[in-house]
Structure formats: C-alpha cells, structure tokens
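J.: Quick mapping for you: the protein sequence lines, in order, are chains R and X.
Residues in the first sequence are numbered consecutively from -15, following the working numbering.
Residues in the second sequence are numbered consecutively from -15, following the working numbering.
If you're looking for bench data, these hints aren't it; they were derived computationally from the structure.
Where hints are given, some of them may not hold.
As the list claims (entries may be wrong) - Straight-line C-alpha distance at most 27 angstroms; calculated BS3-like pairs for lysine-lysine:
1) X:K148 - X:K186
2) X:K185 - R:K231
3) R:K185 - X:K231
4) X:K214 - X:K231
5) R:K148 - R:K26
6) X:K185 - X:K231
7) X:K185 - R:K186
8) X:K148 - X:K231
9) X:K214 - X:K279
10) R:K148 - R:K185
11) X:K186 - R:K231
12) X:K26 - X:K214
To be verified - Here chain R is said to cover these stretches of chain X; the calculated rule only asks that three of the stretch's residues, wherever they fall, bring their Cβ under 8 angstroms from a Cβ of chain R:
13) 43 to 55
14) 162 to 175
15) 183 to 194
16) 207 to 220
17) 247 to 257
Everything numeric in this text was worked out from a predicted model, so none of it was measured.
Using N, Cα and C, we set each Cβ at its ideal position, and we do this for glycine too.
There are 2 protein chains.
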Amino acid sequence: MSTPPPPRHLGFIGLGIMGQPMATNLMSAGHRLTVWNRTPSKANALVERGATLADSPADVAAAQPEVIFLNVTNTPDVEAILFGDQGLAAKASPGLIVVDHSTINPVETQRFAQRLQDDHQITFLDAPVSGGDIGAQNGTLSIMVGGDESVFNQVRPLLEVLGKNVTYAGPSGMGQACKACSQLAVSGALLGVVEALALAKKMGLDSSTMIDVVSSGAGGSWQLANLGPKITAGDHAPGFFIDYLRKDLAIAADTAQQRDLPLALLELAERLFAEASQDGAGQLGTQAIARLYEKHGGFTFAKSQSAKS
Amino acid sequence: MSTPPPPRHLGFIGLGIMGQPMATNLMSAGHRLTVWNRTPSKANALVERGATLADSPADVAAAQPEVIFLNVTNTPDVEAILFGDQGLAAKASPGLIVVDHSTINPVETQRFAQRLQDDHQITFLDAPVSGGDIGAQNGTLSIMVGGDESVFNQVRPLLEVLGKNVTYAGPSGMGQACKACSQLAVSGALLGVVEALALAKKMGLDSSTMIDVVSSGAGGSWQLANLGPKITAGDHAPGFFIDYLRKDLAIAADTAQQRDLPLALLELAERLFAEASQDGAGQLGTQAIARLYEKHGGFTFAKSQSAKS
C-alpha cells in the first residue's frame, strides 16, 4: 500500500451497484468528483457529498479531471461513452487517463485503447474487477489492469482506494482477458461442485461431509468451500447473478471465437446457465444452477443442446 | 491422533504402487502382516522384513488376522478377492474386518458389504484414499470411510498409520461415493483451468499473472494452484495418471447411471480424457489434457463426440 495520494479531480461514469460505492470511496479518500450516470438520480447521494453532476460523458471530460473511471455494463455502453456524440473523447484534453472497470470484450478493448491513443492522446486502461458489490463497498475488490504500465503505476494509488488486490496484467486488453479466464475457472469449478453434490445426494452421501473431505484435497476450490454449503442449504441468494456470469461467459466465448479457439467446457457452461436463466434463475446466485440439475434430474449433452435451439 | 495401537496381526492384499508402502507403514508401526499379491515377487521386501506370504486371499483369511486390508485396481478384482474360489470369504472366521482401500463402484461396494455380512459375518469398510504414491509412502493419505461406524472407530488407529485425514463418510458405499464426488470436483476445476490457460495463451496474457490473479479470487482451486504452473511449464509428469482418472470417472459415471442421474460435465470430462489417452497421454499426469487442447487448437462438443465413436 502506498501513502495516501494527494486530492485530485476525478471523473466517474456509471453509478450502478458497483460504480456508486466505488465513487463514494474515492470521495471518502478526499478526491473531488465530476460524475455522470444515464439515470441522473443515482448521482444524488454523491452530489449531496459535493460531487458535480455533469450532463454527459463529454461534459465530464470538459471539466478536465485527471482520470475518468468508467463502470458500465457492456461493450456497446463503453463504446458510446467513449466515442458517441456526447462521448468523452469529444471534449477530452490530451493526456487524459480513462480507467474502465466494466467487464467487456478484450479485443474490442484493444481497439478502443488504440483509437483513443491515436486520435485523442487519451490513455485507456482496462481494469475489470471482481469481488461484487460487497467488495466495492468495502474497497476490497480485486482489480486486474491492462495497458501502459507507467500510467498504471501513476493511477495505482487511486486503484488501491478501490481494491485490495491490484495487479498489472500486461498490455491493453490483458485485464479483460484475465477476467475472462477467471470466469472460465469459476465455471469449471462450479459445475464440478454442482455435479458432485448432485451425485452425493443421489447416493445418500451427506453433503457437508463430502464438502469437508473434498475441500481438503485435490478437488478443493473457492467455489466448493463458499458455494457448496449454500447449495446444500438451498440458499440461492446472489453473491453473483447468473445473468452476470452469462454476460461474462459470452465475452469469453466471443473472445475465444475471435481467436479461433473452441472451448467445450465454456460451451457447456453457456448452455447450462442459459437454460437456468430461461428457467427464471437469472437474478439468483450462480449456485442456483444446482436447482436446474434437481429439477431435470441431471443434465446430458443432448438436453443442453436442445436447450440452445 | 490416538496413542499408538498395540501390535496386531493384519492381512494385506494387493501390493502395488499404493499397497506396498501402506503395508510397509503398518509393519513399521509394529504390526505383524500376512500378505498376498497376484505377482508374489512384489511381496519380497515385506517378507524380508518378516511378513508372511500367503498362497491366496483365502489363505490370508485362514491365518486369522483381525483386519485384512485390500488395495487393488477395480471392482471385479475386489469381487474375486472376496468371493472367488480362493477368495477370502471362503476361509474367513466370523468377526473379520475387511478394509478396502481400492477405488471401486459404490453400489457394488454396498452389495459386497451386505453379502459379506449376511453370509460370512464379515464387516466390510470401503476406504478409498487420495494423495497418490507419495501420500502412501509418507503416511499422509486422505482416507474416506464408509460402513459400520463402531467398526470404523475400532480400526481408526490403524488407518491413522496410513493417512493424515481419516474421515467417516457414512454407511457402506459412502467412502466410495465421496471419492467419486471428489473426482467430479477435480475434473471440473481442471477443465476450467485448462480452458482458462488456453484462452490466456491465445490472448497473449502471461499465464503466471493469470494464475496469480485468479487464484486469489472466486476462480481459485487446488487444480489451478498446483497444476496451472505445471501446464504453463509444459510439465506433464504424473502426479495422477490420466488413465487412473479415467477409471475413477468411469466409476462415477456408472454410479450416476445406476441412479439415473445424467451429468453433462462428467460426460465431457470422460470424452476429453478418453481422447487424451488415445493420443498417448494415458500415463501422463492429468494436467496433460492441456496438450490435447494445444494440439487440436481447442475443443468443441462436436469434436469430443466424434472422439467417442
């Protein structure tokens, strides 16, 4: 951890469930904020604390903050905020740094970064996060950052206000690539846990015993230790929504396809979570995929393939 | 850990890569052994240390040890050792305890236990292990035990000579069920790691960075932490053979099928590891599944299905 950074003027665009607490933490650390959100009312709490509400992303840039943070939902959102009619590039001064905390496509990220650098002398860092709204509130997010390393080092003290594990992942796009890889590891481990628990139940094996034994060995994972007990208890409350995981897996799938890399587990995970979403579980936690296995009495390739059509 | 058990007369059947060091550890703890192995020469080292070599499983039983341990390869092996012409049931005295460290089918295990109890007054505990030959040598295996709990408590001090984590998993078959569940969790996590590393490589993301970042979050697993670096280094040396995992997955699949439970991830894992084995990787470590992804430039459902036929 570095010494606290001197107060700066910062921009923050996207004040949703993640962005709002992140912006709040930056203000609590003493920084001055100019903010924008598609639904302006979500800025109220920040404005009451002294933030300036801008009329557009372009107006955030026109206020000349040193760094603008973004946290929105998907790739087209980021593109519009950067390059739209009222996008920030329209009124940004050369030398601006943009830090994108959204989870979006790594290849598109690289294009955005190149275009911002070439046409506007703006440095773009991709900095997706994990750790959920709780991590955003507590400033304990994991942040994986792609882009110019010297600029990363420059903004690192600000990122350390937002997160606990702040890692430089490599050139532009590598933060997003890292996030996509993480969701692949998450999905594989989770599906393994779900099928292990389904088999345990069918066999009459006590789930807690199985979780304890398997956790202590080569089958151990964060997913097993944290979501295994929730599945056993029928607790489907979201840590992370199934629909958010689906969005992230779609990014991983698009990226893999752009690189001509078929991935069978990823395909399977997409199909299963799509079916769970169609079944009404999209706003439940990822562990609710177990509910689908129970409902259908398991899953086969054939079933998951028919589910896609 | 209990106080050291008093010396006993024990039987040990199956002196392979696992059984031999396990039997040795029991002798080192002061117990007297009567042993049998299909290939008698594998008993030489134990006989030199004072073990008695029997002519058959029946002869092991005839020597009247208090407990007979088994560690062989598959379900028919166990069945023959128990119930064959020269099987131990033929000459066992009522009250014998048989502890089966083999990894075999949980449902068959329950049938064996019932038959031994009903026809021979023999108590059968299923006690599959994990931790590999190193764990067997060092007495640090994980042992998950199904069967009569009071008999488990009786033999627990002996099991603690063999392993570090000795857990009672429930009634007969639950040790084997636990092992099957473990291999499902292992397979899901491993396939997630393999696909994450394949995507990282295609994207130009540094593997070690990805492993570090993902390990610290919800994608973390034993497989990622331990096999991720080996995959990155191209180190395919076996901790656990692909062909052994295939055998265990076949047991899980048979068990699931016996309980009418289709499991899509398990199906996928079986197909991928079968293809790896056909590709000559059966005697490599499970992490060598990554080699197959590299060779074929990834994997699709379609490819893995054609591989099955």
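J.: Run every hint past the structure and note whether it holds.
T.: Here is how each hint holds up against the structure:
1. Of the supplied pair hints, the one linking X:K148 and X:K186 is violated, its CA atoms being roughly 41 angstroms apart against a limit of 27 angstroms.
2. Proximity of X:K185 to R:K231 is assessed by CA-CA distance (about 22 angstroms); at most 27 angstroms being required, the pair is judged to hold.
3. Among the hinted pairs, R:K185 with X:K231 is consistent with the structure: their alpha-carbon atoms are about 22 angstroms apart, no more than 27 angstroms.
4. Distance hint between X:K214 and X:K231 is fulfilled; the C-alpha atoms sit about 23 angstroms from each other, no more than 27 angstroms.
5. Proposed proximity of R:K148 and R:K26 is supported: the alpha carbons are some 26 angstroms apart, at most 27 angstroms.
6. A hinted pair counts as satisfied when its Cα atoms are at most 27 angstroms apart, and X:K185 with X:K231 does not qualify at roughly 30 angstroms.
7. In summary, the hint linking X:K185 to R:K186 is not supported, as the alpha carbons are separated by about 39 angstroms, beyond the 27 angstroms threshold.
8. Between the alpha carbons of X:K148 and X:K231 the distance comes to roughly 25 angstroms, so the proposed pair stays at or under 27 angstroms and holds.
9. Annotation: proposed proximity of X:K214 to X:K279 holds, straight-line Cα distance about 17 angstroms (limit 27 angstroms).
10. Of the supplied pair hints, the one linking R:K148 and R:K185 is violated, its CA atoms being roughly 38 angstroms apart against a limit of 27 angstroms.
11. With a CA separation close to 21 angstroms, the supplied pair X:K186 and R:K231 stays within the 27 angstroms bound.
12. Pair hint X:K26 plus X:K214 does not hold up; C-alpha atoms about 32 angstroms apart against a cutoff of 27 angstroms.
13. Check on the segment 43 to 55 of chain X: 0 of its residues sit with their Cβ under 8 angstroms from a Cβ of chain R, so the three-residue criterion for coverage is violated.
14. Only residues whose C-beta sits within less than 8 angstroms of a C-beta in chain R count toward coverage, and the segment 162 to 175 of chain X has 13 of them, enough to reach three; the restraint holds.
15. Figure legend: the segment 183 to 194 of chain X, annotated as covered by chain R; annotation consistent (9 residues with Cβ-Cβ distances under 8 angstroms, at least 3 required).
16. Closer than 8 angstroms: that is the beta-carbon criterion, and the segment 207 to 220 of chain X has 3 residues meeting it against chain R, so the requirement of 3 holds.
17. With a threshold of 8 angstroms between beta carbons, the proposed coverage of the segment 247 to 257 of chain X by chain R holds, since 7 of its residues qualify and at least three are required.
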